[in-house]
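Chemist: So you can see what is in the structure, the chains are spelled out below.
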Amino acid sequence: MTRRAACSTRQSRTRPNRTCLRPASSPDEEIARLREWIDAGAEWSVSQAPAAAGSDWWAFRNPEKPAVPAGATHPVDAFLARKLAAEGLSTAPEADRATLIRRASFDLTGLPPSYEDVQAFVQDKDPQAYEKLIDRLLASKHYGEKWGRHWLDLVRYGDTSGFEQDPYTLEAYRYRDYVIRSFNDDKPYDRFVKEQIAADEIYPEEPEARVGTGYYRVNANRDMLFKVEDLNRVEKLTDYVDTTSKVFLALSVGCARCHDHKFDPIPQKDFYRMQAIFAPAVNDDVFLEYNSARFYSLAWNTRDFKLRNIADQIKTIFGDYGKKLRNEKLQAAENPQEVIDAYDTAKDERTPRQEELVTEYEDLAKVGNDEIYAALSQEDQERIDAIEKRLVGLFKNYGPPPMAPGVIDVGRESPRTYIALRGNPEAPGDEVGPGYLTALGGGDIPDPPLHAPTTFRRKHLAEWIASPDNPLTARVMVNRMWQLHFGEGLVGTPSDFGLRAGKPSHPELLDWLAVTFVEKGWSMKAMHRLLMTSDAYKRSSVESDSARTKDPENRLLSHFNRRRLSAEEIRDAALLASGDLNEKMFGPPVVVPLDEEELYGITGNPSDRWVVTWDASEHVRRSVYLMQRRAFQQPMFQVFDAPDGMATCERRNESTTAPQSLTLLNSRFMVERAEALASKATTAEAAWRMAFGRAPKPEESRLAEAFLAKQKELAGSDEKARVELARSLLNSNEFLYVD
Amino acid sequence: MKMTRRDALLRTGKGFGALALAGMLEAAETNPLAPKAPHEKARAKSVIYLFMHGGVSHVDTFDYKPELQKRSGQPLSVELAKTIKTSFIHDPTKAILRGSPWEFHPGGKSGLLISDLYANVRKQADHLAVIRSCHSNVFDHAPAIYLVNSGSQFPGRPCLGSWVTYGLGTENQNLPAFVVMSDGSTKSGPPAYSAGFLPAVYQGTVFRGGENPILHLRTPPGVTDSAQKETLGLIEQLDRSHLAARGEDSTLEARIASYELAFRMQASAPEAVDISGESEATKKLYGMDDPKTEDFGRKCLLARRLVERGVRFIQLYSGTNVGDDWDDAHNDLIGSHVRMAGKTDKPIAGLLADLAGRGMLEDTLVVWGGEFGRTPLAQGANGRDHHPYGFTMWMAGAGVQGGRAIGETDEFGVHATVDKFDAHDVNATILRMLGLDHERLTYLYQGREQSLTDVHGQGEFSARLTS
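Residue numbers (the numbering used here), protein chains in the order written: chain L, 6 to 744; chain Y, -17 to 449.
So here's chain Y without its partners, still in its complex pose (with noise of 0.2 Å):
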């Protein structure tokens, strides 16, 4: 008789949590999150996203205009403001430009200009490629944010994070390969992280507030850890004498390795977001120490602790869609901006900070960005309204080389005029920073290999950051 795996394994003895499938996680067949090989040579292997949904002003934060200072108070010509499409302001022709509120300084040696908005950020301006001419045509948040993560603004496509770790598996069995962490309820909800066609597998792992951050992961109320790796043990004893009766199935061998993993889990994940053993002195670099950042500062130091432990892929989402909003500027630039900024921008230098100090920079890139910008137009007195056709991103760390803009808008910040990059063309350059070609990167769908980018990413502009 022929001594299979499997007998090997019966045969050992050996009760649950003491053997480690190794084999059967490891193993790239059965286990669609094993490492694989880029395409090509990887400048990042994680990658950071920052995603400040609900709209950040570009003309207040990276993107600085004289021009619209100069003219705040008067109308934009009929022919440019026709040229826009608005959703709360009724008619942009009768609208007037509000410059900026807040003041530009340059930051670090390169002396990138940044506003008051983002002064500690600012203080990183060396490391950041700021790409002032991102841009699209799609004005109400759902679809923006659909379209930003996935390429379509339908939901219901495998977005980036899930195309990533499709594409590279993870180099840690015991956490979640895509990570997100959100401030509860978004604009966009699940559809924004989710694995679409592709295997559930990709799909991204909210991580919740709390010592226990994945969903089901705690022992239910009064279940004893002893008591719950006995019950473990006698699934695994079960699953073992059905899967003997039945010969070989490597379903069946993935399921029983699934329990094993999801003990792993219990017991990686709490440690993973258990940051006691930080110091203080990198708690207070990421605000910690103040009520404002702290949540965000959290969240910040969570993504470096997840990819020091391997994770793939972790977006962060500030803004919410009941409660702190940064859309909350339609009537409220002031406000909103301030304290939107307030809440992120001390984390994000401290992650920063962080990640160059450990050398992690060098091979994690950090990206920020959102659906849409704002308008240079005013809502109101007070407000500024969705705005799609030039809008900001930036993108640090993996060799993207900092202290520059990449890219303009016109004088006033309505459209992106050099060289313009649409969702795909972004969404191309971070596939190859990780090494991997968008158009290689395909996945056979509806009888269609389907990719991230479809037809489109011919902008790809990695070689600009780098070089």
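Only chain L is shown next, with the shape it has when bound in the complex (with noise of 0.2 Å):
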């Protein structure tokens, strides 16, 4: 065991800086703490090591505000200062007002500003310049399309289940409006917690908010073709536990489904209690206004008895024909009559030798829909236009129901919950009810009142994690906006505030704001203006030289962490460059169009499984609403990190690849996006202005011109040259990256 500590750590020690996710302590003090207990006997028990360890864990103490420290204006820089002087690091210079829009933008909306936003902000005299862009930022709707998406990647969201069959969950998309709406509403987080939890037992008269319990819907589940229901259930509950542990208060209760937690005071008994809160949930579809919902429902009714008697029309003139056609093809078999008696034959009553002719026939056999349409009386003609014009009729006013996925509870009694032991569903040991961790002081969750409708377990949890008491919920939901602003948490691990996360980078800070948060009515949008009008977010991203060698992981923040745009950003970016992209908001998931090579390894037939949308002008819609299947990634996402919704994404990877570099250069969507770019800028200046935001540099326009000039020859058009330039923008270092 402690071999396998020694080597794994040597593991993370040799890994990419950008991946690389420190560990509590030295390494050699971990291997030194496990032969003590190896030596002491292993006893491996909560009340043992680890609960001794973490009972004063600081992640488990409610946090206190600090005084700002003094000698800066901005507390943010108050608190990174004295770091800063202690390791003698001076700091990067005020990034100038491009470098700073830009950031502002991409980090807020996901979109970068126009070249006229850019002018307008350099030239902007205001001494609030910079404020106000920051509030025009927050109040775009774009912004909650920015950070819906960090939500939605910690939600594992997705718009199918997975698995062989990967069926859609079909209005998964309306939980994503929601997550997006909330934002740019700036929901108090404490209250979109007790929506994705609970509304259904905390808001149940308000449909917008119990749209939040698609939380529990919009994850992976194992498609029901075989006998496996009692499975998908305690996996179902597995991911609640999980997924909520991690989300809300990074802790990793599901590593205690089969043992204690091997490093947090989290025994195995925890994660039934908790598992206990969720048993009683089951799917609920959320009537978004009540009536129009009914209404809905009965015309689906009614529409239904309608479709089968129609179909029942088309299956019988359909089968006659196929029947007639399939016999007068079958002449050409050896022995015809032998064949067709052997298709007659039921399936299950064929002999061997009358399945071997099915087989041998099956291409000969077969007979096409428009070979049946070509052989349509008249009569029968008319019979299926008529029934053309009922299927029409029928459907020129369906649409999506008025509804979305959620939960309620079964009622007021819930299934039993007990202690699987080993983790072994099937080998049920002692019987546990709900209740709190006991890391963060235990204690149960009470039975509801004789007459309640549900059980309220999950309103209780929700409760408890909404609450300025928690120590975890502020702390958590700070650093991971500090994570997504400054490109690494307070706390590296910000999923995890176990025992392994080691101490804050800057402890006091991270209570400050955490404290403030709450103070701030969980106001998400004022933590955002309080973090990006600090001195160290307005940086320059210029690694000095002292920096490099003090303090190469930059975790003093002397200097901005520059980074590489996600996947969604870079193709909303290049659809805002070539000036295609739509703006529209909301509503089901966008299938883009993808060539065959791109399609290819899709599980199934991708008619089925790969729709596209029939509007064009949607497919040029930003990137979070398109569709997301769990067993089938776009390409161009998969390249470049984006997460499979299979389970919470804490931080994406930003890896650096060929294939990403293939899929800039030559895939259908870029090479589009270069034309339509090259169609508007018809000068090189122009082309600069759109994808970067700034005109070029006299030598740029003389690398251009000369470029222009010899891609004439080589391409053979000057419209031609001009795409090349454009797809070498769109290729670009300053294109990809956000200083």
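Hints are computed from structural coordinates only; laboratory data are not their basis. Please read all numbers here as calculations on a predicted model, not as lab measurements. One should not assume that every hint holds.
Unchecked claim - Derived, one-sided and incomplete: chain L residues facing chain Y with beta-carbon distance under 10 Å:
| hint | residue |
| --- | --- |
| 1 | Glu601 |
| 2 | Ala709 |
| 3 | Gln716 |
Unchecked claim - Now the in silico label distances, taken between C-beta atoms and shown as ranges:
| hint | chain 1 | residue 1 | chain 2 | residue 2 | range |
| --- | --- | --- | --- | --- | --- |
| 4 | Y | Asp401 | L | Phe400 | 52 to 62 Å |
| 5 | Y | Ala363 | L | Leu303 | 44 to 54 Å |
| 6 | L | Arg707 | Y | Arg340 | 49 to 59 Å |
| 7 | Y | Pro57 | L | Asn306 | 24 to 34 Å |
| 8 | L | Arg308 | Y | Glu85 | 51 to 61 Å |
| 9 | L | Pro703 | Y | Arg340 | 52 to 62 Å |
| 10 | L | Lys371 | Y | Asp271 | 20 to 30 Å |
| 11 | L | Gly324 | Y | Gly292 | 29 to 39 Å |
| 12 | L | Asp368 | Y | Leu62 | 53 to 63 Å |
As the list claims (entries may be wrong) - In silico lysine-lysine, DSS-like type, Cα no more than 25 Å apart, as pairs:
| hint | chain 1 | residue 1 | chain 2 | residue 2 |
| --- | --- | --- | --- | --- |
| 13 | Y | Lys67 | L | Lys241 |
| 14 | L | Lys715 | Y | Lys211 |
| 15 | L | Lys352 | L | Lys320 |
| 16 | L | Lys530 | L | Lys137 |
| 17 | L | Lys702 | Y | Lys274 |
| 18 | L | Lys508 | L | Lys192 |
| 19 | L | Lys525 | L | Lys192 |
| 20 | Y | Lys211 | L | Lys717 |
| 21 | L | Lys508 | L | Lys88 |
| 22 | Y | Lys211 | L | Lys352 |
| 23 | L | Lys702 | L | Lys715 |
| 24 | Y | Lys274 | L | Lys371 |
| 25 | L | Lys88 | L | Lys146 |
| 26 | Y | Lys67 | Y | Lys91 |
| 27 | L | Lys146 | L | Lys70 |
| 28 | L | Lys685 | L | Lys717 |
| 29 | Y | Lys211 | L | Lys725 |
| 30 | L | Lys715 | L | Lys725 |
| 31 | L | Lys555 | L | Lys88 |
| 32 | L | Lys508 | L | Lys555 |
| 33 | L | Lys267 | L | Lys241 |
Backbone N, C-alpha and C fix where the C-beta goes; we use that ideal spot for every residue, glycine too.
Take the two lone chains, each set in its own frame, and fit them into one complex as the hints suggest.
Modeler: Written as structure tokens, this is what we have:
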């Protein structure tokens, strides 16, 4: 075991910087601790090592608001200053305004600023120009699209439920839209938490809030083809415990499914006490508006009855013609009647010889719909025409139901929960009731009142999490915001505040931010404003030589962390640069056309699994609205490290690979962007403005002119030369990175 | 002013393509695919994993069961029937045993019994260590495929090929390290060759058919090679002055190198898949002269060519979710297995013979398997159902002592009984053949050192394979 620890820490040391998560303490210390513990007999129980180690863990104690150190005007800078000074690190100067507006725009909206926006900001003489910029970006409808996407990563959002059948979660998008709206409305975070965990119990009369319980429905879910419902239920509940504890509390309670947690004071019992909270939850359709949802159901009911009648007619007509045509074709067989008899025999009653014949003549016997249409008599043609008209009539007002996926409790009585011995649900141990985590004080969730319609278990959990007295909730969320603004959290493991997380890089700052967050009414926009107005956020991303040596990971933030755009940002920025972006918000997931080679490997038939949205103007909408299949990720999103939606994702990898370059260079999507950009930008200057939001420098203009001349020769025309210039700009690091 | 490597590169003033960023591509700290030393001496340098997905019947291919033949038509004992779950057989206690319609014959000097379905592979029997005691309890396709590949029946975890390339890097930077070839659609989709939480660079790269096997490898329609090269040149110039204004940044440098690599891939990958230089005899060996075996034969031949070029891990999927499918055995055991074995038998035998003839089998591990076997019980009149409780894989090459079987199922082929191996044991074994210790190959994710085999894999059996 010590060997394993020794080796794994060696692996983490050699990992590239960008994906490196630091271990809690030095590897040698850890190994020494393990050895000590093994020598002592390797006892493993919550009452021993972990609990003793964890009871006074900083993350389990309530944050107290420390005094802001003197010496800086902005509190964030005041907290950062001491360690910078201690290391003798000077800070990078403030970035220029063009850099600042691009940084702030991508960070808040996921889109770059236009050339005009940049110019206006650069020339704005108002001393409050920067603050005004932040306010404008926070008020943008695109803010929710960007930060909603961060949240969707955390709650493992997908539009299908995965596995071989990968069926659609048809109205999952209503939850996605709810998330975007919540961010745009600056819904207080405590309220946002409560709605998702238990709106059905806390706000039962508010459908908009209850859409939040889609949180439980946008996950992966094994298809139900076979007899695995019991297993599926266990996996579903495990996902709820794992995701909820990681997302809201940054605790890996899921690790205690089979045994007491190996590092944190989370006994196995806690896993099942938490599971018991979710045990009574069942799927429910949230009626967005009661009457229209009822009318929708009634219309569906009537329409379905009519459809069955129509389908029966179609089956009869097509069946008769199909058989006739098939028999005609089978006349070409060696012994036609024998084959026809084989076909006419029910599958289960065929002799082996007949089975063979059916297989042998499969291709010959095939009759296509077009052949049947061609063979229809005048009279049957009229019948089919009438049916088609009726179908159009039945569907002309058809659309998605005014409902959203959510959950409610099955009733006041919950199914029982037992500790599964070694995690095996077929080996039930003691029964447990719902309760809170031992490490955070423990306690049971009380039984519901006698005539309650629900158990109220999730309500208790939600109120316990979304409470100023919970030591983790506010800290976890401000740390996520910090990470997304600065590239690295104050706690480097944003979904693990357990003992392995180590101490925050700036503990007082984290606590000050957490308390301030609650004081400001859990307003996320207030926190953005606070973080982004600090000097630290405004610093240039150019690293000094001393910073490189003394603080190579830039934990002290002497300069800003440059970052690559995310998959969505690359696609959206390319659409904006080419002038094609459709800014429409919300609605069913959009399926964009993909080339055959891009669809390669999709499970099942692409005509079922990749139903391209008919309206082409939808294809250029923002990435957050695109279909997210679990069993098939769009190639561009996959190569640029978008999450697959299988489990909560607290930070994305930021990889650099050759397939990424191939995608940017050669994919149809990117080539179309270059063509569109080139058709709008007839000069190099215009191309620079559209792609980079700035004019080219003189030497860049000269470079571009020489390039265009050369490409005119090679590519054959001015237009083609301009497309090549546009391709170059869209592939450049200036386009792909934010300083 | 100190002279950085970047300055040196800039000052050479050479254009794109002329200057290979050798240090960049080979340096372990910037290139996650740079070759890395294994934990211990490796027997295999590369793996070719032949994944017959959909479910191949073990009792009709590599696991001969005389008792099953004898009792064909009779029910299983209720006691035994109650131990298995099935997908389409409604009640195993009421189903009947079905003997294999194929004959088994001894192959090679060893006399290993293999059915007529794999008559060509049978001739290579002396290379094969047949593992008859694989088992799991997952009986639908996608979860079972995920389990075999990634150690979890839920998608989202890195699969074997990704762990291997994470652990070892690759010998050839101009080709992907981990290549997947399939018949198009699979039952599991890309999660079966996903890098999961490992960086995307370890993802399996799907080779499509045709001369440009890698997605987006082809220069866009209407763009000539010279125009493309000019464009790449401008990108590099823009990126270099962008970098110069920002000082050192290994990520920005890696991005510049990634275009260099993409450019090299555009040359290397078509060369790797261009088999026009292979002799007719070789193509024939792989069955490329027969339309039935042409497709899988080409893939097997490509696998050999990729191994020759230093590709680390190649996985071939036989079977699809729409079309030719081992899983058609539900209703048609004979038809499906004749068709699918017919497509794969000769190419696989050709691959083994070719690798052996070229001396490549010594350090190439060939693995044959799938997500589960099929029921010794009949489904309907003509079929067999899914069956994970006992099934067969085999391995060859890289020091595997062939011509023998390891492990056993019971007299009917229902349960693995002797030397049982689960997916973790098999994966730990494959890693060990590559010189990787499954307990030491870890990656820190969500606060935990994750591994392919988690706490399992204690049944690692490479020693038995090779002695």
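Chemist: Check each numbered hint against the structure and report the violated ones by number, ascending.
Modeler: 7, 11, 12, 17, 18, 22, 25, 26 and 27
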